[in-house]
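**Student:** Chain residues, written in single-letter form:
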Amino acid sequence: DSGVTQTPKHLITATGQRVTLRCSPRSGDLSVYWYQQSLDQGLQFLIHYYNGEERAKGNILERFSAQQFPDLHSELNLSSLELGDSALYFCASGGYNEQFFGPGTRLTVL
Amino acid sequence: DQQVKQNSPSLSVQEGRISILNCDYTNSMFDYFLWYKKYPAEGPTFLISISSIKDKNEDGRFTVFLNKSAKHLSLHIVPSQPGDSAVYFCAASPKTSYDKVIFGPGTSLSVIP
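So the sequence lines, in the order shown, correspond to chains Y and P. Heads up, the first sequence is in the numbering used here, so the first residue is 468 and it goes up one at a time. Heads up, the second sequence is in the numbering used here, so the first residue is 909 and it goes up one at a time.
No lab work stands behind these hints: they were computed from the structure. Any given hint might turn out to be false.
Derived pair list, reagent style SDA-like, types lysine to any residue, alpha-carbon separation capped at 20 Å [stated by the list, open to error]:
| id | chain 1 | residue 1 | chain 2 | residue 2 |
| --- | --- | --- | --- | --- |
| 1 | P | Lys-913 | Y | Gln-508 |
| 2 | P | Lys-1008 | Y | Gly-562 |
| 3 | P | Lys-962 | P | Ser-936 |
| 4 | P | Lys-962 | P | Lys-976 |
| 5 | P | Lys-962 | P | Thr-934 |
| 6 | P | Lys-1008 | Y | Leu-555 |
| 7 | P | Lys-1003 | Y | Ala-523 |
From just these sequences and the hints, can you work out the full model?
**Tutor:** The following block contains the structure:
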């Protein structure tokens, strides 16, 4: 158990809809990283937050947004969903030199 | 454009033998390299890392070698055990933004008893 929690575990929705994925970092960690893993691909870095502030941005679509709240949990919002957004979404906490990953949220867009 | 490449999607090794997983990168700004292991239905877990100032780092059965001139790193597992069967991801951080960790596509290792 990494100490990082993600909810929900599974999410099934339709194209055009909007969903929110939630992540709580390990106790004491100020960072949250979000990644997308599509079929047969590695983890694609989306965004990094540190203590409520955005620190680094990867290939995150404009339809996606994230925030980190004062209690340090983070939410990833995905809107106008497309079939290609179906993927595993992981969050992690820690630092660049060692990240602790949650179990992931599997998003299926039908 | 894939900056971190793992050209072998899968690898099979006999228990007790050495497993060698390879990784190539294209970005000369990468300064810190990591390996993560992932079991099905779980998130990746950190295995071992190496800074660009070193060419080898060892932790128990796991050793990572870095060849900066060739932009190549490898993970050696000796001896391989059935519990090592997992997907292994190579990852790299650029010195311009260490938190922007770039992962490779992964290599699925099967250790046969």
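**Student:** For each hint, tell me whether it holds in the structure or not.
**Tutor:** Hint check:
| no. | hint | result |
| --- | --- | --- |
| 1 | Lys-913/P to Gln-508/Y | holds (11 Å) |
| 2 | Lys-1008/P to Gly-562/Y | holds (11 Å) |
| 3 | Lys-962/P to Ser-936/P | holds (15 Å) |
| 4 | Lys-962/P to Lys-976/P | holds (9 Å) |
| 5 | Lys-962/P to Thr-934/P | holds (18 Å) |
| 6 | Lys-1008/P to Leu-555/Y | holds (19 Å) |
| 7 | Lys-1003/P to Ala-523/Y | holds (13 Å) |
Going through the hint list in order, the structure satisfies each hint without exception.
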